[in-house]
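Protein chains in written order, with our numbering: chain U, 1 to 230; chain H, 1001 to 1305.
Hints in this document: simulated from the structure, not taken from any laboratory.
Be careful, since some hints might not be right.
[As the list claims (entries may be wrong)] For lysine-lysine, the following DSS-like pairs were computed, each having C-alpha atoms within a straight-line distance of at most 25 Å:
| no. | chain 1 | residue 1 | chain 2 | residue 2 |
| --- | --- | --- | --- | --- |
| 1 | U | Lys132 | H | Lys1002 |
| 2 | U | Lys72 | H | Lys1301 |
| 3 | H | Lys1201 | U | Lys95 |
| 4 | H | Lys1015 | U | Lys130 |
| 5 | H | Lys1201 | U | Lys72 |
| 6 | U | Lys95 | H | Lys1301 |
| 7 | H | Lys1015 | U | Lys95 |
| 8 | H | Lys1159 | H | Lys1080 |
| 9 | U | Lys75 | H | Lys1301 |
| 10 | U | Lys117 | H | Lys1015 |
| 11 | U | Lys117 | H | Lys1002 |
| 12 | U | Lys48 | H | Lys1301 |
| 13 | H | Lys1002 | U | Lys75 |
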Amino acid sequence: MNVIEMQDIWKTYADGTHALRGVSVRIDRNEFVYLVGPSGAGKSTFMKLIYREEVPSKGQISVNGFNIGKLKPRKIPYVRRNIGVIFQDFRLLPKLTVFENVAFAMEAIEAPRRVIKRRTMEVLELVGLKHKHASLPAQLSGGEQQRVAIARAIVNNPSVIVADEPTGNLDPETSLGIMNLLEEINFRGSTIVMATHNKDIVNSMRKRVIAIENGNIVRDEARGEYGYEA
Amino acid sequence: MKLSTILRHMREGAKNIIRNGWMSFASMSSMFISLFILGVFLLLALNVNAMADQIESQVQIRVYLQLNVDQAKVTELQNKIGNITEVSNVRFVSKAEGLEILRESLGKENEDLIEGYENEKNPLPDSFTVEVYDPLTIETAVAQIEAVNKADEALPIAKVKYGQGTVEKLFTITNVVRNVGFVVVIGLGITAMFLISNTIKMTIIARRREIGIMKLVGATNSFIRWPFFIEGALIGIISSVLTTVVILVAYSQFVDFTETDLALMMIKLVTFKEAAGMTALLLIGLGTLLGIWGSTISVRKYLKV
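Produce the entire structure from the sequences given, and follow the hints as far as they go.
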């Protein structure tokens, strides 16, 4: 079953930039997809369309069976609850503790407090930060902060995880740890779409690779390589 | 909305005040200062208003009788005037009393001017001092008194005086004073509104990232809005209650401290009890509304992501 389906998607921004020019793609349940390509090729737009930060100028996109382009604003939060988003800059709330940052995503869906507590500790354990649940983000290393962000993204068991260069700010060793974590999450049943510039990671994992250049998909291989000079 | 969610919003709203310590402090300070100035002017306006009332109520009608009016007639007239609806009090001033009052108003230096006019030689007529309930009805009362005179064949009343012209001028002045006080208070209220809502806006602009993240994890707009609503209300209530307490404590001290001095000048300040209700209601009500209004308006702007 397709979790994400795009049909002839065009995206033109208000300033006239054509970010995407007729992209069509299908991503199945439980796939792990790398999105590669030069900066400004349209990778970020591709991902923003998935979690409905942007709407397509033309074409159809469905995520988990919802027609994203025609979604009523009222329904957006409910679609996002099934999509976990991870950023290069972590985007944690600096004044909340690690526990609160993760629990927050569950409070937003009005889960019972007991469930929130149990599940939050569970995912913190999964990302290896249970012992730091009371720390503030500023007291953590970059890798640890990204783990918290990942915990937040997966705490509601989303079917899709969208990661925009999650290792972009991290050193190779820490990056490897993050990738192992994402692989584990993928193994547990989530579809993962990850944009990256990291050649080593893509080449060592041998997953599906979609290359975007100038707003078009130029390559889509089941067990692909990075294909650019690092 | 679930009860647990409502409780969560309250908890979150209260926690946010502490988490955003400096920003909350800025909002509260700006609210405290604005409301403080407003409160001071409100008390000032209340007092000016009370003084205007006081001055107006001192307006009296003097009714001078003919020289030959006997005691029985005096009593009859006093009753008749006392029965007029507008009249609150009629006091008989005998000619001897009249002379005494005149002597006092002349002062020690000019006392000799009326020397030799005592007792039998007293040229002054007996009179009444008439007070009315509402100073604005003074002319009606005067007309009624004149009617009483005309009903009597002997025409026992020689003259009715109430400071024609002067009274009207006085009323104009007291009205201007009242209106100026009112406009100043309203103007300060509006200024406070802008100052406070701007400060709150700034604190929320600083948190637009936070709102963006909330939206990303699938929080609904109302879920995001509620803690801000509570936070705004709490900031409003805390700072306005604080302002009210400071102002009223200071005012009661001021009233106590100046009581004797001002009494000598025939000035009576509005008592603490009279001032407290109005001041507390206005300041706390306005503070709470502004807190809520400022935060709700500002959050709405960042919800359209």
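Hint numbers contradicted by this structure: Hints 1 and 5 contradicted; others consistent.
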